[in-house]
Amino acid sequence: MTREIAVVAFAQTDHRRTSEELSEVEMLMPVLHEVLDRTGLKTSDIGFTCSGSSDYLAGRAFSFTLALDGVGAWPPISESHVEMDGAWALYEAWTKLLTGDTDTALVYSYGKSSPGSVRDVLTRQLDPYYVAPLWPDSVALAALQARALIDEGYTDEPALAAVAARSRTDARTNSHAQLRGSVPHGEYVVQPLRIGDCPPVGDGAAAVILAAGDRARELCERPAWIRGIDHRIEAHSLGVRELTDSPSTRLAAEKAGAFERPVDTAELHAPFTSQEVVLRKALRLGDDVLVNPSGGALAANPIMAAGLIRIGEAAARIHRGESDRALAHATSGPCLQQNLVAVLEGEPRHAQ
Amino acid sequence: MPSEPVAVVGIGQTKHVAARRDVSMAGLVREAAQRALLDAELTWADIDAVVIGKAPDFFEGVMMPELYLADALGAVGKPMLRVHTAGSVGGSTALVATNLVRSRVHATVLTLAYEKQSESNAMWGLSLPIPFQQPLLAGAGGFFAPHVRAYMRRSGAPDTVGSLVAYKDRRNALLNPYAHLHEHDITLEKVQASPMLWDPIRYSETCPSSDGAVAMVLTDRAGAARSPRPPAWLHGGAMRSEPTLFAGKDAVSPKAGQDCAADVYRQAGIADPRRDIDAVEMYVPFSWYEPMWLENLGFAAEGEGWKLTEAGVTELDGDLPVNMSGGVLSTNPIGASGMIRFAEAALQVRGLAGEHQVDGARRVLGHAYGGGSQFFSMWLVGSEPPTS
Numbered sequence: 018m019t020r021e022i023a024v025v026a027f028a029q030t031d032h033r034r035t036s037e038e039l040s041e042v043e044m045l046m047p048v049l050h051e052v053l054d055r056t057g058l059k060t061s062d063i064g065f066t067c068s069g070s071s072d073y074l075a076g077r078a079f080s081f082t083l084a085l086d087g088v089g090a091w092p093p094i095s096e097s098h099v100e101m102d103g104a105w106a107l108y109e110a111w112t113k114l115l116t117g118d119t120d121t122a123l124v125y126s127y128g129k130s131s132p133g134s135v136r137d138v139l140t141r142q143l144d145p146y147y148v149a150p151l152w153p154d155s156v157a158l159a160a161l162q163a164r165a166l167i168d169e170g171y172t173d174e175p176a177l178a179a180v181a182a183r184s185r186t187d188a189r190t191n192s193h194a195q196l197r198g199s200v201p202h203g204e205y206v207v208q209p210l211r212i213g214d215c216p217p218v219g220d221g222a223a224a225v226i227l228a229a230g231d232r233a234r235e236l237c238e239r240p241a242w243i244r245g246i247d248h249r250i251e252a253h254s255l256g257v258r259e260l261t262d263s264p265s266t267r268l269a270a271e272k273a274g275a276f277e278r279p280v281d282t283a284e285l286h287a288p289f290t291s292q293e294v295v296l297r298k299a300l301r302l303g304d305d306v307l308v309n310p311s312g313g314a315l316a317a318n319p320i321m322a323a324g325l326i327r328i329g330e331a332a333a334r335i336h337r338g339e340s341d342r343a344l345a346h347a348t349s350g351p352c353l354q355q356n357l358v359a360v361l362e363g364e365p366r367h368a369q
Numbered sequence: 218m219p220s221e222p223v224a225v226v227g228i229g230q231t232k233h234v235a236a237r238r239d240v241s242m243a244g245l246v247r248e249a250a251q252r253a254l255l256d257a258e259l260t261w262a263d264i265d266a267v268v269i270g271k272a273p274d275f276f277e278g279v280m281m282p283e284l285y286l287a288d289a290l291g292a293v294g295k296p297m298l299r300v301h302t303a304g305s306v307g308g309s310t311a312l313v314a315t316n317l318v319r320s321r322v323h324a325t326v327l328t329l330a331y332e333k334q335s336e337s338n339a340m341w342g343l344s345l346p347i348p349f350q351q352p353l354l355a356g357a358g359g360f361f362a363p364h365v366r367a368y369m370r371r372s373g374a375p376d377t378v379g380s381l382v383a384y385k386d387r388r389n390a391l392l393n394p395y396a397h398l399h400e401h402d403i404t405l406e407k408v409q410a411s412p413m414l415w416d417p418i419r420y421s422e423t424c425p426s427s428d429g430a431v432a433m434v435l436t437d438r439a440g441a442a443r444s445p446r447p448p449a450w451l452h453g454g455a456m457r458s459e460p461t462l463f464a465g466k467d468a469v470s471p472k473a474g475q476d477c478a479a480d481v482y483r484q485a486g487i488a489d490p491r492r493d494i495d496a497v498e499m500y501v502p503f504s505w506y507e508p509m510w511l512e513n514l515g516f517a518a519e520g521e522g523w524k525l526t527e528a529g530v531t532e533l534d535g536d537l538p539v540n541m542s543g544g545v546l547s548t549n550p551i552g553a554s555g556m557i558r559f560a561e562a563a564l565q566v567r568g569l570a571g572e573h574q575v576d577g578a579r580r581v582l583g584h585a586y587g588g589g590s591q592f593f594s595m596w597l598v599g600s601e602p603p604t605s
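One line per chain: the protein sequences are P and X, in this order.
Note that our numbering gives residue 356 to position 339 of the first sequence, counting from 1, and the numbers run on in steps of one.
Note that our numbering gives residue 439 to position 222 of the second sequence, counting from 1, and the numbers run on in steps of one.
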């Protein structure tokens, strides 16, 4: 029998268009304090720490080293870092807890998109020899995917606009969200995607605490147990991929056990409205599943943290008793190249 | 339930050189991966997951390059993780991969690290001006030279010790066909006469800038039983980190390094590292770090490490050989350098290190560090499976 591991606490910043008055560590510190406060743990109680961030967003090499100041890594800590969204940092921490080396882990991630042009920055993650020299930006690539979906009859522009409106309406109850309430759908950015189909550009950070077995029960009234978690990557070249589908999401969901029983909630990391269409199909989510009650990435998309926030939001609903079985998804790369799926469950609620 | 034992059954590396202009980044990593598979007599289909590491993305100018490398590493349809923990990343990457096996999430994992430094200028990549921070100008040597000077002052070591390390490592590299620098006409006098770069570090006491990749196939007990060649067994592995700069930091012998070694020794049942460990591949980018790490890792008392170097103990035929492969001083694709240490340690206990093999090496330590002497990763591998 493998170890039971749960998300026991989650915290995030208020995500904003710019946080130029704050360094990354200043942005991160309050979130780290908040997530520790929720469990009563101190830095020295944490067995393993893992973070996710990107030097390219920070504009400097080894940018994550400064974030360690926010953690307060003294005496020295057992610590690691992935150059990926924090959801994958959580995955690494989950494997560490599974080994039995330790019972608690702190996971955090952060990203500041405000200092640069994120559409241009993201072109640097494309094939450096054949694609990156053309500077195809992230909206243009998502628009290719949206066009393919419309052409094959999976969606249309009004349906995409409805995804945008639903997400931002739901975000009204999320005080951390950047775009909330009624937001005009706006002009085309790259056809067929309008401003409203695109995620807001902004800065933010998030943190999660994981704990194993009875330790989780001590730290949280209703832990969000990770019943399964898996991630898969697809080919990089868009030319060899079927952009209207996400086989890597489906495979990760299968391996995570998502299809064994229905989920009541799904937090999907779909920065573009059209990507929610792809993910709903790959994950076989029916209309009875509550999708992105937080507003999702269309309401706040701090790059490198937005995937971890999906896991955190799903877990928080379980903590609050608003969900019994939730799916959380994170993505990375152009047009959903790499995907992670986690299935979280709360223990059955007893009559009071 | 105890964690699953981990075995290294395949190791591959590229011939490290200043510039591999004949291959793309994808070609470089695939070359190392295919050699590791060949060594393990496995195919891409046998690999359950890929864990890749490298140092800053600015070194090649590609953001999160694992996305682009997925195809070249046979990772399509599989999990792929990308680790980045500064200079220690090669070691950390291997340890993240071991946890996939130890936790029984996967049975067989490919782990790989690389740097293709000819794509850019590493010194520039490390010298970005950050507001309100002390600039790390003139590359890593400018940062580490004062720490070396502090060590010399603290230990009273004679000025010549650094040149002895460089002379040894560059001669060891002549026995390693994959090493970058092959200086056939090396002499101690030449090392000592080379230009002073960052006093007290001379040109010949400095690591080169290399293009290279290294890969390992890690597997569980059942996988090891099918291995055509002797496996190396993981006996202990750990990572430790501390902040870059703070009042009270010991930059000469960082506590994170001591704690990391102590954790590995505890796991491996090492009571006296000097007696119980047969050889060490440690991360020595500037010659003086050999005596400094000998102390930090517990092979010598404080202030005594240089005496081991001076007495020839760390030579290939000494009783504690250090950097038999030629080390970072002879080969430095930065993001791969830590994993090369880990892989060379494994080659030694497998008895497959060729001309730089230490006879009867049964337990060997692989060590990596990075950042401002703040990130440490280490593993201890043995020729026999762990007993506990």
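Treat the hints as calculated values from the structure; they're not laboratory data.
Ideal Cβ positions, reconstructed from N, Cα and C, are used throughout, including at glycine.
Hints may be right or wrong, so weigh each one.
[As the list claims (entries may be wrong)] Below, a list of computed lysine-lysine pairs in the BS3-like style, where the Cα atoms sit at most 30 Å apart: (1) Lys-524(X) to Lys-59(P); (2) Lys-466(X) to Lys-524(X); (3) Lys-466(X) to Lys-59(P).
[Stated by the list, open to error] Rough simulated footprint, nothing fancy, chain P against chain X, three-plus residues with beta-carbon under 8 Å: (4) 298-309; (5) 460-472.
[Unchecked claim] Quick partial rundown of chain X residues pointing at chain P, CB under 10 Å, derived from the structure: (6) Val-234; (7) Ala-236; (8) Asp-274; (9) Gly-278; (10) Met-281; (11) Ser-320; (12) Ala-324; (13) Leu-392; (14) Pro-394; (15) Ser-411; (16) Met-413; (17) Leu-414; (18) Tyr-420; (19) Asp-480; (20) Gln-591.
So, going through the hints one by one against the coordinates:
1. Distance hint between Lys-524(X) and Lys-59(P) is unfulfilled; the C-alpha atoms sit about 42 Å from each other, more than 30 Å.
2. Straight-line distance between C-alpha atoms of Lys-466(X) and Lys-524(X) comes to about 25 Å, which keeps the hinted pair within the 30 Å bound.
3. This hinted pair checks out: Lys-466(X) and Lys-59(P) have alpha carbons roughly 21 Å apart, not beyond 30 Å.
4. Only when three residues or more bring their CB closer than 8 Å to a CB of chain P does the claim for the region 298-309 of chain X stand; here the count is 7, and the claim holds.
5. Against chain P, the region 460-472 of chain X contributes 5 residues with a C-beta closer than 8 Å to a partner C-beta. That satisfies the three-residue criterion, and the hint holds.
6. For Val-234(X), the shortest C-beta to C-beta distance to chain P is roughly 20 Å, which exceeds 10 Å, and the interface hint is violated.
7. Residue-level restraint check for Ala-236(X) is violated (minimum Cβ-Cβ distance to chain P is 16 Å; threshold 10 Å).
8. Contact between Asp-274(X) and chain P, as hinted, is supported at the beta carbon level, the nearest pair being about 5 Å apart and thus within 10 Å.
9. Taking 10 Å as the C-beta contact cut-off toward chain P, the hint placing Gly-278(X) at the interface holds, the least distance being around 7 Å.
10. Interface hint status for Met-281(X): upheld, as the beta-carbon distance to the closest one in chain P is roughly 5 Å, under 10 Å.
11. The restraint placing Ser-320(X) at the interface with chain P holds, with a minimum CB-CB distance near 4 Å, inside the 10 Å limit.
12. Against a cut-off of 10 Å between C-beta atoms, the interface hint on Ala-324(X) is violated, since the closest Cβ of chain P lies about 14 Å away.
13. Taken as an interface hint, Leu-392(X) does not check out: its beta carbon lies about 33 Å from the nearest beta carbon of chain P, beyond 10 Å.
14. Interface restraint check for Pro-394(X): the shortest CB-CB distance to chain P comes to about 29 Å, outside 10 Å, so the restraint is violated.
15. The restraint placing Ser-411(X) at the interface with chain P is violated, with a minimum CB-CB distance near 28 Å, outside the 10 Å limit.
16. Interface restraint check for Met-413(X): the shortest CB-CB distance to chain P comes to about 26 Å, outside 10 Å, so the restraint is violated.
17. Interface hint status for Leu-414(X): violated, as the beta-carbon distance to the closest one in chain P is roughly 21 Å, over 10 Å.
18. Taking 10 Å as the C-beta cut-off, the interface hint given for Tyr-420(X) is violated, the closest approach to chain P being about 24 Å.
19. For the restraint placing Asp-480(X) at the interface with chain P, the shortest Cβ-Cβ distance is roughly 8 Å, inside the 10 Å limit, so the hint holds.
20. Below 10 Å, beta-carbon pairs count as interface contacts, and Gln-591(X) has one with chain P at about 7 Å; its hint therefore holds.
Hint compliance for this structure: hints 1, 6, 7, 12, 13, 14, 15, 16, 17 and 18 are not met, and every other hint is.
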